[in-house]
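Trainee: One-letter residues, chain by chain:
2 protein chains.
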Amino acid sequence: MKELMKHYKHKIDLELESFFDARIRKAGEVSPAATEAFEVLKEFSLRGGKRIRPMLTVFSYKGFGGKRESEIIKAALAVELMESFLLIHDDIIDQDELRRGYLTVHKIYENRLRKKHGAGICRRLSHYGDSVAIVIGDIASVLGSEAILSTDFPVRRKLRAVEKFNRVIINTCFGQILDINSENEKAMTEEDILTIHTLKTAIYTIEGPLHIGAILAGASQRNLEQLTRFAIPLGKAFQLNDDILGMFGAQERIGKPVGSDIKEGKKTLLILKALEHANSGQKRAISQSLGNRSLSRAGIERVRKIVKDTGSLDYSRRLMLDYIRQARLALDRIRMRKEGKHFLAAVADYIVNREK
Amino acid sequence: MKELMKHYKHKIDLELESFFDARIRKAGEVSPAATEAFEVLKEFSLRGGKRIRPMLTVFSYKGFGGKRESEIIKAALAVELMESFLLIHDDIIDQDELRRGYLTVHKIYENRLRKKHGAGICRRLSHYGDSVAIVIGDIASVLGSEAILSTDFPVRRKLRAVEKFNRVIINTCFGQILDINSENEKAMTEEDILTIHTLKTAIYTIEGPLHIGAILAGASQRNLEQLTRFAIPLGKAFQLNDDILGMFGAQERIGKPVGSDIKEGKKTLLILKALEHANSGQKRAISQSLGNRSLSRAGIERVRKIVKDTGSLDYSRRLMLDYIRQARLALDRIRMRKEGKHFLAAVADYIVNREK
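Keeping their order, the protein sequence lines are chains A and B. With my numbering, letter number 74 in the first sequence gets 77, and the count goes up by one each step, no holes. With my numbering, letter number 154 in the second sequence gets 157, and the count goes up by one each step, no holes.
Mixed in with the good hints there might be a few duds.
Treat identical chains as interchangeable: a pair holds within one or across any two.
Said to hold, decoys possible - Straight-line distance between alpha carbons at most 27 Å, and here's what the computed DSSO-like set of lysine-lysine pairs gives:
1) K341 x K12
2) K286 x K119
3) K286 x K189
4) K70 x K308
5) K119 x K269
6) K29 x K286
Don't read these hints as lab results, they were simulated from the structure.
Could you build all of it, start to finish, from the sequences and the hints given here?
Mentor: Written as structure tokens, this is what we have:
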């Protein structure tokens, strides 16, 4: 599996490179700023990332009998480009400075202007960075459907794939709005949180990529529904695991500062369930810690302990394993070729066992 | 012409309403916040606006022999939805509070949160408004291609129309980046400004809408090239006239505060040419006024007088008339039906004579 993933990541990255290189050349006719925009997008899209989304597209396509590997890899770029689009805007919204260890797009542009003009215009600098990054994200937003349209799959399939692609973006955006609102929402329920997981993770990371591959292979509506029954629980499990790693994983493994979810005040199911079973002292400790960006190491440790002691960690873990079980059962019932099925089963395993 | 425009504006608005109503109903299944997002988008898209862009699509389609009026109106929504998408992001970038006399989307959401939580969290409020508005714009970004794909034109034409639609967005975004950069650019040339006009106005407002209509009617590549030769000069003329009205038009007619281009520090050709021919006193007066948001009425009047006295107003006017002449010549050479040609000629007239 590891070898296979490495192999496809390499292929996808090569295709991404040539996708951008063609556009960088053409943008040169318009203006140096246009070239620069595509160069930033290229660098941003190629840094890190495991390319699981595009691989899901590739293996779903193969699972439903698709034979044209180089063409499906071109189409699979769509889901990676969607990722760049949404992450660039997400980073503005979260005011993050780093993404995959390098500067976020708004910070790249902010710094360029600072170098040009000095630091005397700080607020303007940050607004400038946000402004250009909004527009760079907008450019990326249409590149995904361009990737699908540029393949030579049958036109009707391409059309359906673009329609699906659009629906995935809209659902992810709904999830994003709910997520933004949740910061100001006191009465979040478990259902609210799981709705966000469905929209922002399950549809976006698993179902959408699988459907796009299946559609391009000519799969039936029934096939798509079977994929959904696998994808949605798997995606929810993925997010629950992400939250657990975010709170309990070690920094060097998860690649972001320990306890950053707590510092950002993210309302995860871990926090919700802990609050539900916490005593008044524990509740106070959590509320004081959530969203406190200068929370100490000991403060983080205290929240972790409460999440464990209230049984909340166990609850999320059990829920995750239950979703994985549902996903595996659903996978058994999908009629698809071994090559695709094995890959999907391996992805399900990976999600339970991954450490980052 | 006026009657015709009123007639089509009405038809387009009805179609926009039903486009959004269908989505509002479906979004109800996801979450109240999703419904709300589409309601905001609907209200924003339906306020004011003359619907010239979608009408260009409709009449270009008819001009190249298209017969299915109700279907082309559905497709023409795409260019109106693109407008909503780009304006929502544009308003965040320009930090504008009003659009067509009502609150911008980021202000709508900012105010909602203020009502809920009081004004104690001012900076957070404005970042919240910007964040949700970024995402609402992102939702709108895919609605345009949804509008085209949902029609029952031949699949190949629909795909070509979506490809064109995507290219228009990318070019407009390039223009937007150049425009944002221009605020921090001291050495803007006439060519730089005209490049922005081509990307942000000519391609976006005229060429794109015309091409989409023509493609859906099955027009040839040669037809598209002929349209381009008409559209690009006309679009540049449109922008030059817009700048003239922005500086010299009366508030009640142009619908925005007098001199707002000066206060925002917009680097128009009017300003560039005035600086080129100004004496040192006049230069100083312009630099002190540009970007000064509390500039007095007398200050605005002084800049206006310099733009006139240096011959800059005449220069822009002559250039505009020259572009209109080029556009009319190009229009004569296009082989298209009378109905379409008359409308395009009327649009060219309108652009020279409009007062807002």
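Trainee: Confirm or reject each hint.
Mentor: Each hint, compared with the structure:
1. K341 x K12: within (21 Å within a copy, 55 Å between copies)
2. K286 x K119: Close across copies (24 Å), not inside one copy (48 Å); limit 27 Å.
3. K286 x K189: within (13 Å within a copy, 56 Å between copies)
4. K70 x K308: neither (51 Å within a copy, 70 Å between copies)
5. K119 x K269: Result: close only across copies, 20 Å inter versus 36 Å intra.
6. K29 x K286: neither (57 Å within a copy, 38 Å between copies)
Of the numbered hints given earlier, the model fails hints 4, 6; all others are met.
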